[in-house]
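Let's have the full structure, built from the sequences with the hints guiding it.
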Amino acid sequence: MNILITGGSGLIGSRFIRYFSQQHSFTVTTRSVERVKQQFRGCNVDVVGELPTAEALASFDAVINLQGAGIADKRWSAERKQQLQNSRWQVTEELVQRIRACPAPPILLSGSAIGVYGPRNSEPVDESATANRHDFAVELCEQWESIALQVKEHTRVVCLRTGVVLDSSQGALPRMSLPYKFGLGGPMGSGEQMMSWIHIEDMIRAIEFILQDDSISGPVNLTAPNPTTNKQFSQTLAKTLHRPHVLFVPAFALKLMLGEMASMLLEGQAVVPKKLEQAGFNFNFPQLQDALSDLL
Numbered sequence: 001m002n003i004l005i006t007g008g009s010g011l012i013g014s015r016f017i018r019y020f021s022q023q024h025s026f027t028v029t030t031r032s033v034e035r036v037k038q039q040f041r042g043c044n045v046d047v048v049g050e051l052p053t054a055e056a057l058a059s060f061d062a063v064i065n066l067q068g069a070g071i072a073d074k075r076w077s078a079e080r081k082q083q084l085q086n087s088r089w090q091v092t093e094e095l096v097q098r099i100r101a102c103p104a105p106p107i108l109l110s111g112s113a114i115g116v117y118g119p120r121n122s123e124p125v126d127e128s129a130t131a132n133r134h135d136f137a138v139e140l141c142e143q144w145e146s147i148a149l150q151v152k153e154h155t156r157v158v159c160l161r162t163g164v165v166l167d168s169s170q171g172a173l174p175r176m177s178l179p180y181k182f183g184l185g186g187p188m189g190s191g192e193q194m195m196s197w198i199h200i201e202d203m204i205r206a207i208e209f210i211l212q213d214d215s216i217s218g219p220v221n222l223t224a225p226n227p228t229t230n231k232q233f234s235q236t237l238a239k240t241l242h243r244p245h246v247l248f249v250p251a252f253a254l255k256l257m258l259g260e261m262a263s264m265l266l267e268g269q270a271v272v273p274k275k276l277e278q279a280g281f282n283f284n285f286p287q288l289q290d291a292l293s294d295l296l
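Counting from 1, position 266 in the sequence shown corresponds to residue 266 in the numbering used here; the numbering is continuous, with no gaps.
The reader is advised that the hints may include incorrect statements.
Using C-beta positions, here's what the derived DEER-type ranges look like [as the list claims (entries may be wrong)]: (1) Ser-190 - Asp-46: 15 to 25 Å; (2) Glu-123 - Leu-178: 30 to 40 Å; (3) Ser-59 - Leu-247: 25 to 35 Å; (4) Ala-251 - Ser-59: 43 to 53 Å.
Hints are computed from structural coordinates only; laboratory data are not their basis.
Note that the coordinates shown come from a computational prediction; the quantities given were computed from them, not determined experimentally.
For glycine and all other residues, C-beta sits at the position ideal for the given N, C-alpha and C.
Listed below in structure tokens is the structure:
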């Protein structure tokens with residue numbers, strides 16, 4: 001396939017490109033052209049500074065839209081919320097306009113997150129569920145998906161509802177592991193909130209699976225089939241790192257440090273990948289212990 005990726009220099013996009021660099025050709029859009037060229041030196045990647053025109057989009061088989069400012073990189077001030085929205089919604093809107101005008105539109109796989117379901121208890125949540133409460137994360141994802149789905153009559157559209165992606169060097173896992181290395185690890189808040197995670201290898205394999213299976217469309221959960229509580233996750237992490245699991249971070253401290261963003265750590269949902277499993281996708285790392293042992 002000839003694939004256009006927005007946000008291709010981030011964790012998921014860069015891992016996908018390196019993993020499938022022999023199978024596909026890639027074009028990455030970025031504002032930092034020279035830096036990203038260096039990042040992908042030796043790979044089959046073109047790096048461009050802007051989105052292709054509607055006519056040029058016809059040369060691509062698929063677009064993977066992953067662009068968006070890091071959700072947990074900064075405290076959620078009003079200005080930061082606007083940045084998080086604009087960085088996702090604007091590029092998706094531009095893609096939609098071009099796909100609508102494209103004579104032979106490519107498949108669109110567009111980013112989203114499991115935050116679209118809102119805070120939940122431990123009951124499993126599949127793609128048929130809707131949000132039970134509207135907070136910032138829900139509204140961010142709902143609008144992101146709504147924009148992408150505007151072209152579902154023109155081409156196949158898949159919304160990638162991504163969980164916590166576990167990678168050894170980037171993303172959440174290195175941050176979560178650091179306190180344990182100093183003997184300070186433990187659960188957050190009550191520890192009963194659910195965590196829906198996925199190994200980076202399964203994440204990029206699932207994206208490839210979706211690209212190849214024309215029967216898959218609409219929202220798709222990209223999470224391992226076995227979500228866990230925050231307490232269970234932290235215990236497994238401590239065991240894998242051979243570190244103590246004695247402390248915990250009280251909810252009030254997280255709220256003091258992170259403000260509204262603390263809800264991402266103190267609330268969760270038990271998301272299951274029903275569509276992927278029904279389509280026949282097999283996870284290499286369905287169990288947390290195996291995933292952490294491989295990564296750490």
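Here is what the structure says about each hint:
Look at Ser-190 against Asp-46: about 48 Å separates their beta carbons, and that is not inside 15 to 25 Å. The hinted window of 30 to 40 Å between Glu-123 and Leu-178 holds, with their beta carbons roughly 32 Å apart. Look at Ser-59 against Leu-247: about 54 Å separates their beta carbons, and that is not inside 25 to 35 Å. As the Cβ distance of Ala-251 to Ser-59 is approximately 51 Å, the hint placing it in 43 to 53 Å holds.
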